[in-house]
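Could you put the whole structure together from the sequences, leaning on the hints where they help?
Just so you know, the sequences run in chain order A and B. For the first sequence, our numbering begins at 2 and goes up steadily by one. For the second sequence, our numbering begins at 2 and goes up steadily by one.
Derived from the structure by calculation, the hints contain no laboratory data. All values reported here derive from a predicted model rather than from experimental measurement. Hints are not guaranteed to be accurate.
Same chains, same label: a pair holds when it works inside one copy or across any pair of copies.
[To be verified] Within a straight-line C-alpha distance of at most 30 Å, the following computed BS3-like cross-link-like pairs (lysine-lysine) qualify:
| id | residue 1 | residue 2 |
| --- | --- | --- |
| 1 | 107 | 178 |
| 2 | 243 | 281 |
| 3 | 277 | 249 |
| 4 | 107 | 243 |
| 5 | 107 | 15 |
| 6 | 260 | 15 |
| 7 | 282 | 260 |
| 8 | 263 | 281 |
2 protein chains.
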Amino acid sequence: MSDSFSSYLKERCKTVDRALNGYLPQARTRPGTIHEAMRYSLFAGGKRLRPILSLAAAEACGGNLEEALAPASAVECIHTYSLIHDDLPCMDDDDLRRGMPTSHVKYGEGIAVLTGDALLTIAFEILAQTPPTKRYDVGAYVTELATASGSRHLIGGQVMDLEGEGSDVLLSPPQLKFIHQSKTAALLTASIRLGAMTANVTPGKLEALTVYGQSLGLAFQVIDDILDVTQTSEKLGKSAGKDEATNKSTYPALFGLEKSRKEAARLTKKAHEALKPFGKKGQRLGEIAEYLLNRDY
Amino acid sequence: MSDSFSSYLKERCKTVDRALNGYLPQARTRPGTIHEAMRYSLFAGGKRLRPILSLAAAEACGGNLEEALAPASAVECIHTYSLIHDDLPCMDDDDLRRGMPTSHVKYGEGIAVLTGDALLTIAFEILAQTPPTKRYDVGAYVTELATASGSRHLIGGQVMDLEGEGSDVLLSPPQLKFIHQSKTAALLTASIRLGAMTANVTPGKLEALTVYGQSLGLAFQVIDDILDVTQTSEKLGKSAGKDEATNKSTYPALFGLEKSRKEAARLTKKAHEALKPFGKKGQRLGEIAEYLLNRDY
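Right, dumping it as structure tokens:
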């Protein structure tokens with residue numbers, strides 16, 4: 002990773018954190034427990050990938066950062082809520098997330114469920130503050146986010162994941178791709194599209210960014226599965242080796258490590274190609290795709 | 002309850018059910034489990050109080066039913082999600098709701114959490130389809146619903162409820178009122194306000210309806226607490242006598258039954274008074290307040 006890209010990511014992280022801090026109620030707001038718990042998970046050191054993609058997409062379309070801050074913050078709230086609920090004992094039962102105790106370990110299961118609910122709800126409260134453009138109104142923003150995070154995509158993917166657990170039969174490749182598209186690619190793509198929409202993106206460019214997002218999202222999940230096999234829990238900040246231990250259907254389990262790495266590279270190349278219409282303005286989006294391919298945590 | 006009011010309620014229930022059926026994905030939509038579970042809880046025979054209030058408020062403001070169907074359906078999705086999550090073992094741990102097994106008893110805890118999440122998410126997807134008026138756009142609708150169901154109101158009330166459980170100390174009257182306002186009155190009031198907003202209500206009348214909603218909401222919760230003491234589980238369709246068994250702070254526990262009944266009547270009178278600016282058009286809203294005061298389940 003080049004120095005300039007690394008400082009770009011750091012600077013964007015700070016911008017996102019500042020925005021989130023402004024949108025979230027203060028920790029002492031009554032009732033204090035829930036507002037403290039919302040902030041605990043939201044400021045636990047996430048990479049802010051989704052909001053950074055929103056901001057980069059807005060800039061690739063000639064828009065400005067300020068107007069993309071609301072959707073950027075909203076998608077991070079959705080992502081964080083989904084992690085809190087996925088970590089619950091009745092789901093993936095994880096004690097560690099981003100190297101820290103998960104929400105239910107720290108606050109108890111009841112508060113963890115409610116904290117997820119509250120982050121999901123505030124995502125829409127924040128999103129409603131996005132300025133409309135000539136082509137897109139708040140209705141379009143809300144439809145975009147609700148669809149991507151609803152029962153047919155983000156939540157649907159987790160349902161299929163949950164149902165596949167403990168099963169002896171590995172999923173077929175199309176089934177696995179469907180889960181990856183739902184669980185990971187849909188929200189990543191919505192993050193990008195929402196950023197672009199705040200810049201009044203043309204339908205043609207929105208379509209190109211959708212291809213970029215889908216490819217990036219699938220690559221992201223393939224790499225995640227590879228890292229679960231090859232890295233330590235310490236490095237990942239979450240429990241490694243879990244997929245194999247639970248006999249989970251993953252790319253490495255279905256195709257082996259080498260073929261999985263090739264697939265991730267192929268998808269990343271497809272993401273790059275989708276950026277052609279953006280020329281120089283798409284540079285950051287291209288760098289993000291490259292960075293995700295080569296990450297080791 | 003007069004025959005004409007009773008058939009009004011039945012007819013409105015059918016209208017709401019038809020709208021919800023149209024907005025919800027078919028049960029066979031992939032993945033089937035979640036869509037079946039969403040429909041199981043949503044069509045479990047609820048009284049549809051909140052959506053009926055949305056429709057009645059729209060009519061009281063000279064609007065029409067059709068345009069209030071989206072917010073009416075959205076508030077029912079929020080109400081149903083909150084029941085599913087409240088019933089979880091890590092919260093109130095209830096096996097019975099509306100006389101049927103609760104979501105986690107039927108589908109397991111993981112799917113119940115995700116079903117609640119999905120209903121919460123689709124509420125905003127549905128709400129985004131509400132036609133804007135001269136005074137109110139989709140942003141205003143989304144802000145209204147997200148605020149009422151967020152961490153400072155609906156979810157906040159459940160947090161305080163959860164924290165009060167198992168405590169030997171009864172809450173103070175102002176604390177109890179704060180919980181009731183958050184947990185019950187906020188969403189009821191938002192249901193009414195959203196319906197009125199689809200009819201392009203004036204700020205003055207919106208304020209009057211807010212007073213009506215707050216009073217009705219508090220009365221509703223006082224009556225709920227009374228019924229928990231005086232009725233059987235069979236009659237209520239949920240576990241009766243639970244508040245006393247868990248030493249929960251309620252109006253009857255703090256003030257006794259007689260004083261609680263008087264308070265419910267006083268609040269209902271206040272709701273009626275708030276309807277004066279609506280004249281004959283506010284008749285249904287008045288009848289609903291009367292019906293809630295005199296209900297026995």
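Of the hints stated earlier, which fail here?
2, 3, 6 and 7
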